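First to last, the protein sequences are chains A and B.
Residues in the first sequence are numbered consecutively from 747, following my numbering.
Residues in the second sequence are numbered consecutively from 77, following my numbering.
Honestly, the hints are just simulated from the structure, not real lab data.
Because the structure is a prediction, the values reported are computed rather than measured.
The beta-carbon is built from N, C-alpha and C at its ideal position, and this holds for glycine as well.
It cannot be assumed that every hint is accurate.
Cross-link-like lysine-lysine pairs, in silico, BS3-like; alpha carbons within 27 Å at most [to be verified]:
1. K180(B) to K147(B)
2. K137(B) to K147(B)
3. K803(A) to K180(B)
4. K147(B) to K125(B)
5. K180(B) to K757(A)
6. K125(B) to K803(A)
Beyond 12 Å from chain A on every Cβ pair, some chain B residues (computed) [unchecked claim]:
7. V80
8. Q158
9. E164
A few chain B residues that don't get close to chain A, going by computed Cβ distances all over 12 Å [said to hold, decoys possible]:
10. N100
11. L120
12. D161
13. K180
As a plain string of letters, each chain reads:
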Amino acid sequence: DAGITQSPRHKVTETGTPVTLRCHQTENHRYMYWYRQDPEHGLRLIHYSYGVKDTDKGEVSDGYSVSRSKTEDFLLTLESATSSQTSVYFCAIRGPDFNYGYTFGSGTRLTVV
Amino acid sequence: AQSVSQHNHHVILSEAASLELGCNYSYGGTVNLFWYVQYPGQHLQLLLKYFSGDPLVKGIKGFEAEFIKSKFSFNLRKPSVQWSDTAEYFCAVNSGNTPLVFGKGTRLSVIA
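Looking at chain A on its own, in the form it has when it is part of the complex:
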């Protein structure tokens, strides 16, 4: 959808290497989220942000860190990638009120070999 982009779209990396995924929005929304999608688990929340430098953990935060130094960018870092982190990662943004749904980015398919 317009207003939210993720990069890269695909990445293959080796076990033990650090990886950073980027989510960029042009909507100036306060709330941003990182989810991972796996066939047996559906979507699970990794981390989210409710403002610049304000972040919180989600259900599956171990092995991941995030940073939000400006409103438009929300970075997800895998500190030392493992095969269990092979997944599709989606970023989402939420409008100004709680009664807005989320708008999702196109996803990053990450393979850890």
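Once you've looked at the hints, dock chain B against the given chain A.
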């Protein structure tokens, strides 16, 4: 903690058949409810949402959902499915500003 259960993992229907996908959530307070659709190889898109008022919610592409508070349910329906409805469907819930919690999804395959 909130949780969402989607009863059907994979549903196969013929074109023109009626669809009902189940969704139950576990939270006793005020909730916001959503259905998202993910077409093959794409990201999630919002189908419909419920916050308050009329428990029968109409969304895009002819979908609707009914909130039944006493049953903690928010089932998705469509009177007549098309081949283009083949996708994965996710139910989600939150309350206030808490992050959305998703069900594991139901894969719908529509055959000619």
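So, going through the hints one by one against the coordinates:
1. Between the alpha carbons of K180(B) and K147(B) the distance comes to roughly 19 Å, so the proposed pair stays at or under 27 Å and holds.
2. For a cut-off of 27 Å, the pair hint linking K137(B) to K147(B) stands: about 26 Å separates their Cα positions.
3. Distance restraint check for K803(A) and K180(B): the Cα-Cα separation of roughly 20 Å lies within the 27 Å cut-off, and the hinted pair is therefore satisfied.
4. Among the hinted pairs, K147(B) with K125(B) is consistent with the structure: their alpha-carbon atoms are about 18 Å apart, no more than 27 Å.
5. With a CA separation close to 25 Å, the supplied pair K180(B) and K757(A) stays within the 27 Å bound.
6. As the CA atoms of K125(B) and K803(A) are separated by approximately 25 Å, the hinted pair is consistent with the 27 Å bound.
7. Remark: the non-interface label on V80(B) conflicts with the geometry, its nearest Cβ contact in chain A lying 9 Å away (cut-off 12 Å).
8. The non-interface label for Q158(B) is consistent with chain A: the shortest C-beta to C-beta separation is roughly 23 Å, beyond 12 Å.
9. Consistency note on E164(B): stated as away from chain A, yet its beta-carbon is not over 12 Å from all of that chain's, at 9 Å minimum.
10. Every C-beta of chain A lies more than 12 Å from that of N100(B), the closest at about 15 Å, which supports listing it as non-interface.
11. Remark: the non-interface label on L120(B) conflicts with the geometry, its nearest Cβ contact in chain A lying 5 Å away (cut-off 12 Å).
12. Even its closest Cβ contact with chain A, about 19 Å, leaves D161(B) beyond 12 Å, as expected for a residue assigned away from the interface.
13. A beta-carbon of chain A comes within 12 Å of the beta-carbon of K180(B); the shortest separation is about 4 Å.
When the structure is compared with the earlier hints, violations turn up for hints 7, 9, 11 and 13 and for no others.
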